[in-house]
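Colleague: Chains as they are written, first to last, in UniProt numbering: chain A, 1 to 231; chain B, 1 to 231.
The reader is advised that the hints may include incorrect statements.
To list a few chain B residues with every Cβ distance to chain A over 10 angstroms, as calculated [claimed, not checked]:
no. : residue
1   : 12
2   : 54
3   : 67
4   : 95
5   : 124
6   : 126
7   : 190
8   : 197
9   : 221
10  : 229
Just some of the chain B residues that point at chain A, by a computed CB distance under 7 angstroms [as the list claims (entries may be wrong)]:
no. : residue
11  : 65
12  : 70
13  : 74
14  : 77
15  : 78
16  : 81
17  : 98
18  : 99
No lab work stands behind these hints, which were simulated from the structure alone. Ideal Cβ placement from N, Cα and C applies to all residues, glycine included.
There are 2 protein chains.
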Amino acid sequence: MANGELKLLGTWCSQYVIRIRMMFELKGLSYDYIEENFANKSELLLKHNPVHKKVPVLIHRDRAICESLVILQYIDENWSGTGPPVLPANPYDRAMARFWAVYIDDKLPRQLIDTLKAATEEAKAEKIADIHAVLELLEGAFNKCSAGKVFFGGESVGYLDVTLGSYLAWIKAEERIVGAKLLDETKVPLLAEWEKSFLAADCAKKFLPSVERVEEYVRELLVTKWKVTSA
Amino acid sequence: MANGELKLLGTWCSQYVIRIRMMFELKGLSYDYIEENFANKSELLLKHNPVHKKVPVLIHRDRAICESLVILQYIDENWSGTGPPVLPANPYDRAMARFWAVYIDDKLPRQLIDTLKAATEEAKAEKIADIHAVLELLEGAFNKCSAGKVFFGGESVGYLDVTLGSYLAWIKAEERIVGAKLLDETKVPLLAEWEKSFLAADCAKKFLPSVERVEEYVRELLVTKWKVTSA
Chain A
1 MANGELKLLG TWCSQYVIRI RMMFELKGLS YDYIEENFAN KSELLLKHNP VHKKVPVLIH
61 RDRAICESLV ILQYIDENWS GTGPPVLPAN PYDRAMARFW AVYIDDKLPR QLIDTLKAAT
121 EEAKAEKIAD IHAVLELLEG AFNKCSAGKV FFGGESVGYL DVTLGSYLAW IKAEERIVGA
181 KLLDETKVPL LAEWEKSFLA ADCAKKFLPS VERVEEYVRE LLVTKWKVTS A
Chain B
1 MANGELKLLG TWCSQYVIRI RMMFELKGLS YDYIEENFAN KSELLLKHNP VHKKVPVLIH
61 RDRAICESLV ILQYIDENWS GTGPPVLPAN PYDRAMARFW AVYIDDKLPR QLIDTLKAAT
121 EEAKAEKIAD IHAVLELLEG AFNKCSAGKV FFGGESVGYL DVTLGSYLAW IKAEERIVGA
181 KLLDETKVPL LAEWEKSFLA ADCAKKFLPS VERVEEYVRE LLVTKWKVTS A
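Isolated chain A, as found in the complex:
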């Protein structure tokens, strides 16, 4: 990769960015990483993602690709000969991976934030139950996709692993803040095992931020952005 021809605009705390960095690690590709500032978005970001004005933005030879799940598939397809394939090879397995990736991003971010913002203990318990229900569905998906192996992707980390795995630091930080298990091994034993395997993978060790750092960041958001005083 020639210097400067592949750039990723991101922020350290975004699961959508973290999964792209993990993907590059799996593929063994090098790139320039540029940390963006939410409060003061760069000209480069606004130029290359005028539709959503959000990270991640991948800039490859001055052409931008936006939306993390689209970027993951772009990397897998454009560098199909570099590193392992990250999406499954079989069309049905690819469809399952795409379905569950959309499901994860459709449900988890909103549910994680709703839980943090819950005004009463009762409301919080309800929101936590919603997260448990989603993770229980994902437990079933893991059972099917992994076919008895360690990862959603089988023997090695794949598309769904980085998609769900990119949330782990936030999930662990939120468990501390709300004082309850979200990814609970008594409810989702397979996912709990998967979590251990995933956290031991190089891509997770390199790119998941520490739980402490995320906890501090989320506690700040609670006060400054969501005006929640009880946490």
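Please arrange chain B on chain A, whose structure you already have, making use of the hints.
Modeller: Below, chain B without anything else, positioned relative to chain A:
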């Protein structure tokens, strides 16, 4: 295709179903179509889409694939040797097609319904302006994706064509109901030309319902579901 090995569960009015039928037409694949009833979902639907309980559901050799954009990609990949490819070949063009398809489904359905439900003329004008803004972005996307050709997919109907084209009957019906142009050739001349080409394609002629039928259906929804009395 052996009889019964490929089934599509759908409803006549759903853009998400219509695009799958268009895709099968493009690929020249035969399948069994089963019309579902919203008010009384079949056992087959509930069994095969327990997560969302929605159409479309594609059942291929007793395995289900759900979510229309996932299904479109599955059909293109699983029958890659049958009929023309529907997604672009180039990874960057595929990424653009995926980005804009998600954008369309993220924006249009909500905006079309919000416009119908607008309580005042002022609110309606605002909602229509939102739709125009989305279509103007899609005009720019068309300009890039089509590269001067007739369709988003170039010389022939492709992934983005069926994704956006599946909304056309609803858009035309809604124009009659709200009394305003939504896909307005003075604002989006390229899309207006595209619309003519798309409506002349076999897949549109066969599977887009008539504007009259959709208009009647939407007027019924306005009264029975959305309790809007002014339309």
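Colleague: Each hint: holds or not?
Modeller: Hints, one by one, checked against the model:
Here residue 12(B) stays apart from chain A, with its beta-carbon at least about 24 angstroms from theirs, past the 10 angstroms limit. Even its closest Cβ contact with chain A, about 12 angstroms, leaves residue 54(B) beyond 10 angstroms, as expected for a residue assigned away from the interface. A cut-off of 10 angstroms between C-beta atoms contradicts the statement that residue 67(B) is not in contact with chain A; the least separation is 5 angstroms. Once the 10 angstroms rule is applied to beta carbons, residue 95(B) is inconsistent with being away from chain A; the minimum gap is 4 angstroms.
Every Cβ of chain A is farther than 10 angstroms from the Cβ of residue 124(B); the closest lies at roughly 25 angstroms, confirming the non-interface assignment. For residue 126(B), the shortest C-beta to C-beta distance to chain A comes to about 20 angstroms, beyond the 10 angstroms cut-off, and the non-interface label holds. Chain A leaves residue 190(B) outside its interface by the beta-carbon criterion, the shortest separation being 18 angstroms against a cut-off of 10 angstroms. No beta-carbon of chain A comes within 10 angstroms of the beta-carbon of residue 197(B); the shortest separation is about 25 angstroms.
With a least CB separation of 24 angstroms from chain A, residue 221(B) remains clear of the 10 angstroms interface cut-off, as annotated. Taking the minimum C-beta to C-beta distance to chain A, about 32 angstroms, the non-interface status of residue 229(B) holds against the 10 angstroms cut. Checking residue 65(B) against chain A: minimum C-beta separation of about 5 angstroms stays under 7 angstroms; hint holds. The interface hint given for residue 70(B) is met, as the beta carbon of that residue sits about 5 angstroms from the closest beta carbon of chain A, less than 7 angstroms.
Checking residue 74(B) against chain A by beta carbon gives a least distance of about 4 angstroms; that is within 7 angstroms, so the hint holds. A least Cβ separation of about 4 angstroms between residue 77(B) and chain A falls short of the 7 angstroms threshold, and the interface hint therefore holds. Interface restraint check: residue 78(B) against chain A, minimum CB-CB distance 4 angstroms, threshold 7 angstroms, status holds. Checking residue 81(B) against chain A: minimum C-beta separation of about 12 angstroms lies over 7 angstroms; hint violated.
Hint on residue 98(B) holds. Least Cβ distance to chain A is approximately 5 angstroms, under the 7 angstroms limit. With a least beta-carbon distance of about 5 angstroms to chain A, the hint placing residue 99(B) at the interface is held under the 7 angstroms criterion.
Comparing the model with each numbered hint stated earlier shows that hints 3, 4, 16 do not hold.
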